[in-house]
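*Asks:* Whole structure, please, built from the sequences with the hints as guidance.
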Amino acid sequence: MRTIVRSTTLSLLLALGLLVFGAASASAFSTSMTNSWGGGVASVGDTLTVTVSFDTDGAGDVSLLSVSVLFDDAIMSYDGGTSATYALYTGGKGATYLKPATTNNTLRVGTSNQILMDWQNNILPGGAAASGNFQMSVLSFTVQALGDGQADFTISADSPGNTLFLGDETFATNNVSGSFAVITPEPTTALLVGMGLVGLGVAGRRRE
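The numbers in the numbering used here rise by one with no breaks, and the one at position 75 of the sequence shown is 75.
If you're looking for bench data, these hints aren't it; they were derived computationally from the structure.
Fair warning: there could be bad hints in the mix.
Have a look at the derived ranges for each label pair, beta carbon to beta carbon [as the list claims (entries may be wrong)]: (1) 135 to 107: 19 to 27 Å; (2) 44 to 132: 36 to 44 Å; (3) 152 to 122: 30 to 38 Å; (4) 39 to 89: 30 to 38 Å; (5) 161 to 131: 23 to 31 Å.
Cβ coordinates follow ideal geometry from the N, Cα and C atoms, glycine included.
*Replies:* This is the structure:
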């Protein structure tokens, strides 16, 4: 009886150990977004940049990579983006790497607020064997209107068109972080402030 109990316990511990090891060794692909906005209240004409970076967490074999930046197009205008010409480069004969797709840094067809960052392996099928992290895009925006007082920027890996496809023909989870908001004065507040300034000017002239 003791032998059976010990054997069962050992099997459970071994299975648990393998599960923990598998979870620890699995790569956590991630995409992060940072921005140049320093805080405060934005005004029409102000500009900012958004930088999107991808990290393989030590894994390789990325074949297709697509993420999106969603923004408030009632307040912000998208002025364009820049990217490197290649990433995750593997040297030598038959070198593999990721390169920007033709849709990279463009608005997704049929939308006015979803910017695609699309990268693909240069030798399909298969994946870029190198691992590491790289800067996907630097996007530029201008405040074009006050809107409702807040312009949200969201980094997304599960919007239409987004994917993380590996060379072994499996899909991986892409963890995202860095969504933020830019605050603008609400139109009514801006109007009241303007009226107040005009009122002060009139009062000043009367005192003169």
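*Asks:* If a hint holds in the structure, say so; if it doesn't, say that too.
*Replies:* Now for the hints, and whether the structure bears them out:
1. 135 to 107: 19 to 27 Å: Holds, at about 20 Å.
2. 44 to 132: 36 to 44 Å: Holds - the Cβ-Cβ distance for residue 44 and residue 132, about 40 Å, lies within 36 to 44 Å.
3. 152 to 122: 30 to 38 Å: 35 Å, holds
4. 39 to 89: 30 to 38 Å: 37 Å, holds
5. 161 to 131: 23 to 31 Å: Holds, at about 25 Å.
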